[in-house]
Amino acid sequence: MRNLGSALFSRLVIIVPYVWLLFFFLVPFFIVFRISLSTMAIAQPPYVPVFGFADGLSGFIGKLGELHFDNFLWLTEDALYINAYLSSLWIAGVSTILALLIGYPVAYGMAKAPRALRPTLLMLVILPFWTSFLIRVYAWIAILKPEGLLNQFLMGIGVINDPLIIINTNWALYIGIVYSYLPFMVLPIYSTLEKLDHSLIEAAQDLGAPPVSAFWKITFPLSVPGVVAGCMLVFIPAVGEFVIPDLLGGSQTLMIGKTLWNEFNANRDWPVSAAVATILLLILVVPIVFFQNAQAKAEEKGR
Amino acid sequence: MKSLGNTRRSFAPWTDPDATPFITFRNVTKTFGDFTAVDNLTLDIYHREFFALLGASGCGKSTLLRMLAGFEKPTSGEIILDGQNIAGIPPYRRPVNMMFQSYALFPHMTVESNIGFGLRQDGMPKSQIAERVAQMLKLVKLEQFAKRKPHQLSGGQRQRVALARSLAKRPKVLLLDEPLGALDKKLREETQFELMDLQQELGLTFVVVTHDQEEAMTMADRIAVMSHGEVIQVATPAEIYEAPNSRFVADFIGDVNILEGKVTASGNGRVELAGADGLTIRAASGEIPANGVSTGFAIRPEKLRVDRAAPADPGVNAVEGEVWDIGYLGDMTVFHIRLANGKVLKASMLNARREVEDPIVYDEKVWVSFDETAGVVLRD
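Residue numbers (the numbering used here), protein chains in the order written: chain A, 1 to 303; chain B, 1 to 380.
Just to be clear, a hint being listed does not mean it is correct.
What the hints assert, rightly or not - Okay, derived cross-link-like pairs now, DSSO-like style, lysine-lysine, Cα gap no bigger than 30 angstroms in a straight line:
id, chain 1, residue 1, chain 2, residue 2
1, B, K138, B, K185
2, B, K262, B, K186
3, B, K365, B, K262
4, B, K149, A, K112
5, B, K262, B, K343
6, B, K365, B, K343
7, A, K195, B, K73
8, B, K185, B, K343
9, B, K365, B, K346
10, A, K195, B, K147
11, A, K145, A, K258
12, B, K149, A, K297
13, B, K262, B, K303
14, B, K147, A, K297
15, B, K73, A, K112
16, B, K126, B, K141
17, B, K149, A, K195
18, B, K185, B, K73
19, B, K172, B, K138
20, B, K147, B, K126
21, B, K149, B, K126
In case anyone wonders, no lab produced these hints; they're calculated from the structure.
Bound conformation, chain A alone:
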């Protein structure tokens, strides 16, 4: 009886994340997808649904033949969307690399710090989360604008004579994204480095590897899972980022999040913006699923 109870319990525990995924991912995704198949209308909400609960199951099947993918075709016709997707991927990619270049040494330093100091350092990494994300981005405006703190400082010490124009350029955009997502890069890398058995490094040195060589042959390969996790945690939200390009980026900054916002709010074209969102999701989810499958297989093979 007890066995049956615990079996039931372990099943329930497994079900919880699936239920979560169903209600907070699949159902909303389906709603968005449904909107992307509809046509725009001057109404509240501003679209004509293609099917609804009132149709019943037979009505739903009947309407499947009438579905049209005009909104998706439209995305391929206007170069704006493709450019926005590519530009977003590029900006997110560059930001991820920058965050890795800064985040890895930070994580490494934290993992090598005296044990007693580590909780404090960890706290310092997490500390910015205690302030609103929006306020922190606004703070960057104050720092980067022509009469802002950075320019005042640089002119004060005489490095430059005229203020640098950083705000409303891609520079500001990169600074904003790297700053905002850096903790997501640092934390997973730190957690893999911190677990690393130090005797492996000693063994490498003992076998003739100088410290730099030991790092590249032992430490780095063993921290790859953390690097991959960190890169995904930075890259995925950065692709769809809207607030940072809107506040720090310039008028020429093209990102899909901003395009989506324009379609949704300025044009009130819910069907097209829903199509944009659907494609964005596919662009992100499909490669990740492939990647994780490949990784699981590699792990299986290694076992």
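Fit chain B to the known structure of chain A by using the hints.
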């Protein structure tokens, strides 16, 4: 000097005053904060020696090994390896390799690349690496596991990979940190002999750190018994066992009875002690302290005789007691004999015959006796 026990082979460079030590620790001290791990230690290790550092955890033996590997720097003193002071040489340039207690196998590399790691670091040509790796795999009998990752191996197999990896570069000295600690008893016994054969075959100097006295006794040519950062005694296993120089060593290695006494007469290599346990001890081995000094007399259980009949000279090297406990171990029987003053002596007797008529039983009055050369007088 008379030989104590059986020596494994006629290899004893430490008795030759002209022999140059291969490794020398000279007045080496290592402190961590206000903790002294190694205290002004001087020690010589000879070429092709199998040398064991034996002691309880925290006695400084691992620190000594890590200083030899280069992971710790001595606070003062010098370490000389093959005529060269190695204090300033980083671990990756020392002609010394170490087998780690945790094995420290690289989890992301196959057995093959683990073994070849050091060779690749040295820039050895690929074909030669392959050849050497194959040779090492054969040496540790792991040929069919070359492509496996460490987590696909058993504990014993991992231990052999670690051994092969540390031997692949043909180091001048192989350091082994508790090499058999993680193996089960049967595998440990087998591996002990394998290590000894390997060391003979390769003609290398092995320095092994262990807390297991049996392991040290079996494998080593000489043992350094350490305590609190100091070497208490350096000697062959037989000398350590049969002629411990101090209470600590006598007690640390094997079972021992220590009888207390005061020196009443000495001369001609003999010492007479007025024992505190109701007997006079006449001993012909060990230290010769001055008259009046209180000291201990150490005697191993197997060197005591247990008999019902009183010996010819009762009271001298013989004492009466009562059988308190009998432990039958198959090959031998251990008797705990309680003396009149309450002290319990351990005596073990070999069961050379299957059947004994009228064996000694509990609560019986018996005589415990020993020869003049059976035990040693200790320094203190």
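Here is what the structure says about each hint:
no., hint, in the structure
1, B:K138 to B:K185, "24 angstroms, holds"
2, B:K262 to B:K186, "45 angstroms, violated"
3, B:K365 to B:K262, "27 angstroms, holds"
4, B:K149 to A:K112, "27 angstroms, holds"
5, B:K262 to B:K343, "17 angstroms, holds"
6, B:K365 to B:K343, "15 angstroms, holds"
7, A:K195 to B:K73, "26 angstroms, holds"
8, B:K185 to B:K343, "33 angstroms, violated"
9, B:K365 to B:K346, "15 angstroms, holds"
10, A:K195 to B:K147, "26 angstroms, holds"
11, A:K145 to A:K258, "21 angstroms, holds"
12, B:K149 to A:K297, "16 angstroms, holds"
13, B:K262 to B:K303, "22 angstroms, holds"
14, B:K147 to A:K297, "18 angstroms, holds"
15, B:K73 to A:K112, "19 angstroms, holds"
16, B:K126 to B:K141, "22 angstroms, holds"
17, B:K149 to A:K195, "19 angstroms, holds"
18, B:K185 to B:K73, "35 angstroms, violated"
19, B:K172 to B:K138, "21 angstroms, holds"
20, B:K147 to B:K126, "17 angstroms, holds"
21, B:K149 to B:K126, "21 angstroms, holds"
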